[in-house]
Amino acid sequence: MIRVPKWRNSKGSITALSAALAGVLVLLGVGFFFFCLYMDAQKETKNAIDAGTLNVGKKALDDPFELIPPVGDKGCFFDVTSDGIKNDITDCNGKMNLRRVNRMWAEAMLFKINAMGADADGTSDKGDTNASQALTDCKDISDSLAGKLTDENKLHDYFTEIAKLNSVRMIGQSATVDPIPGSGWQTAQMKKEGESNVVLGGSSGNFFPPPGFTWNSNNLTATTRNPQPQGSSGITFLKGYHPIDLGGDQYWQVPFLFDEKPHMVARSDFESDKTGPSGWDKPVPNAFSAEGKASQTGKPSEKATSWVLTNPRQTFKASIPTGFVHIKIEDPKVQYFFLPHVGGPFLPVGFLDSTYGFTPSFPTVTSPAPIGGVLCASTTIDLGLGGDTTGRSVDELLFGYPGSNIANLEDNLLSRCNQMISKPGVTISKSALHNALSNVENIAFLAGGVTQDFYLYSPDGEHIKCRTLALAITEAPWLAAVSGNDPDGSEKSYSESQGPGAIFTGEAVPDPTCTVVEPAAPGIPCGEEIYKVQDFWQSGTGYNHCLGQVRCQRATDCYTVSIAVETVI
Amino acid sequence: MSSNSRKRRSKKGASLIESALAAVVLIPIALATVDVMTLVFANSVNDTVAKNCARAGANQPNGIAALQAANKCLATFKTSGIVKTIVIDDLNYTGDDGQCICKTTMVVNLPIPFPGFTSVTFSNRAVEAVVGKADADNPAP
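Note that the protein sequences, when read in sequence, are chains Y and V.
Quick note on my numbering: the first sequence kicks off at 1 and runs consecutively.
Quick note on my numbering: the second sequence kicks off at 1 and runs consecutively.
If we strip away everything but chain Y, and leave its shape as in the complex, we get (with noise of 0.2 Å):
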């Protein structure tokens, strides 16, 4: 038997195959592209994640906020509502919001400061109790806002409107992007000790405090960007998520790196953060995170979270920009003492209440008989007065001849406008102040005998003057509704000193059977007049706006000096 081998039917076996092959391909390739599809939808979405987040960061430094009236509760904090370091109170707006907190902690800060200075001095008495009340204040304006700052519903529209705005076609041409409310919105406290977006005054080793206060220099740090950026040399900030402890209160800052712009972090610095400083119960947050998805109907969507820390990127000095000193300079006093007997003592003779003013005057005065001198009836005296007055500046009459012992006076004039200074980076020197309180125009006014009221302020957050109320009102109006008001402290004596001044002469009425030998003749000198100086300081916390006042008191004392003997027949 033959046996013929059966051949298989190979026709279409590739052909099946390549078919088989063609469909796979097509399924990879389709597979594939809705994969890279996909990944491209993720990337999409977490760049417009992303971009809401970014804008939450920015946005959520200026609203939400809290509203402080001008006047009243909380009033004290109004002169720090705004963006702006020229004192004008037209900029001030009422709100206080995260660009803003760190302001307000200072200026309660420097309230507190300046009571730690009179307590210091024994001049405290209402300072105290104010700065308690600022304090107390500022809690419930940060709690209030810190609150607000942690409400997710305030920040969505934020979020919104930047991340509607990005392409996520890979989801599909109509796929939009919204916020997923819920865990995913949160905040943190991060960089902690790093510094916060206030500055001092002056420089380490002088930050121009009050006589009695000296900063503990773990509440102050350069800045902790490294490597430092430009223009951060020298400067000296608050300490953000740090305790300030002032006299056993806490003062608190948040911090914002010197010139860092609001950017994105990562999650694990995100949430390692979120705890806030110890000691701090609602500490204002600096960081966000938002969460969101993009979606379209019928389609998969995407989610993504994102962290933002923020920074208004704006410094702002410690400062009190409505603060004033009130400086008084009183009628200038004159007594007169005559020498009654061999030997003195000096005993005041009438005219207690004389005063003289701030032009040359030239009064002939005549001590009440009997006493007049040395078995003198009585003694007729010419005087100049004014001596120590006449043209004279408001500098020149606190701090000229015959001063002296004026440092506690000076430096406590000095802290207090350094600290009406808002400009960083502007210092007022002793030169400066001295150069305010010399305004010729305020002689002409006491000359004038218009006013002898003055008034220590700052018109633009960068220089200091010293002019009358009705010219200092034209360059800072505030002052207008703040200047009656008393510093809460009470006055201490400054400064008291005296020295010579002008002789004058005479003549003497002897004693009945005397004879006069001194003066020798009318028109010889006969006497002298001392000049004196005393000023007084009150110290005020600047809570009500007044930051203390300064009451000058000039006198001259006249010594006259008239001798008569028994005439020898």
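Keep in mind that the hints were calculated from the coordinates and are not lab data.
Glycine included, C-beta positions come from ideal geometry on N, C-alpha and C.
Be a bit skeptical, because a hint or two may be false.
Where chain V lies over chain Y, by a calculated footprint (3+ residues, C-beta under 8 Å) [stated by the list, open to error]:
| # | stretch |
| --- | --- |
| 1 | 162-168 |
| 2 | 382-391 |
| 3 | 515-525 |
| 4 | 554-560 |
Only pairs whose alpha carbons sit at most 30 Å apart, straight line, appear in this in silico DSSO-like list of lysine-lysine [to be verified]:
| # | chain 1 | residue 1 | chain 2 | residue 2 |
| --- | --- | --- | --- | --- |
| 5 | Y | K95 | Y | K148 |
| 6 | Y | K46 | V | K84 |
| 7 | Y | K46 | V | K78 |
| 8 | V | K78 | Y | K43 |
| 9 | Y | K154 | Y | K95 |
| 10 | Y | K303 | V | K84 |
| 11 | V | K84 | Y | K274 |
| 12 | Y | K126 | Y | K328 |
| 13 | Y | K86 | Y | K139 |
Given chain Y, put chain V in place with the hints provided.
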């Protein structure tokens, strides 16, 4: 017996023809897949360019600096035989609104051109919040 011989067709070359036919289908599919992958990748690059340029511009203090920064960022993306051109169509720095909007256009040459289908143009837009605007009244000390 002779009729059976005449009826038996020659099978020589049948596989070759089947392979050729299969190749006519398979090769275009494979090449098209390469083109599609290139397009997907190019779109992703365009997205990245738009985003990075918008972010770079948003970090600047004014419109002129924003455009310079965006152009500098664009320069880091090199053209090639496949990415023919990539340009910034428009950079809108609306400082008042606080947005930087960057529109980019990328022309991609298909690595395997098909008749009438040699290049594709991609456009994209990215929007970023401006964070670089400094306050003129209160610069850093």
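To see whether the hints hold, each was checked on the structure:
1. 162-168: holds (count 4)
2. 382-391: violated (count 0)
3. 515-525: Not satisfied, violated; 0 residues make the cut.
4. 554-560: Answer violated; 0 residues pass the 8 Å Cβ test.
5. K95(Y) x K148(Y): It holds: about 13 Å lies between the C-alpha atoms, which stays within 30 Å.
6. K46(Y) x K84(V): holds (27 Å)
7. K46(Y) x K78(V): Roughly 24 Å separates the two Cα atoms, so the pair holds.
8. K78(V) x K43(Y): holds (21 Å)
9. K154(Y) x K95(Y): holds (16 Å)
10. K303(Y) x K84(V): violated (33 Å)
11. K84(V) x K274(Y): violated (47 Å)
12. K126(Y) x K328(Y): holds (21 Å)
13. K86(Y) x K139(Y): holds (26 Å)
Of the numbered hints given earlier, the model fails hints 2, 3, 4, 10, 11; all others are met.
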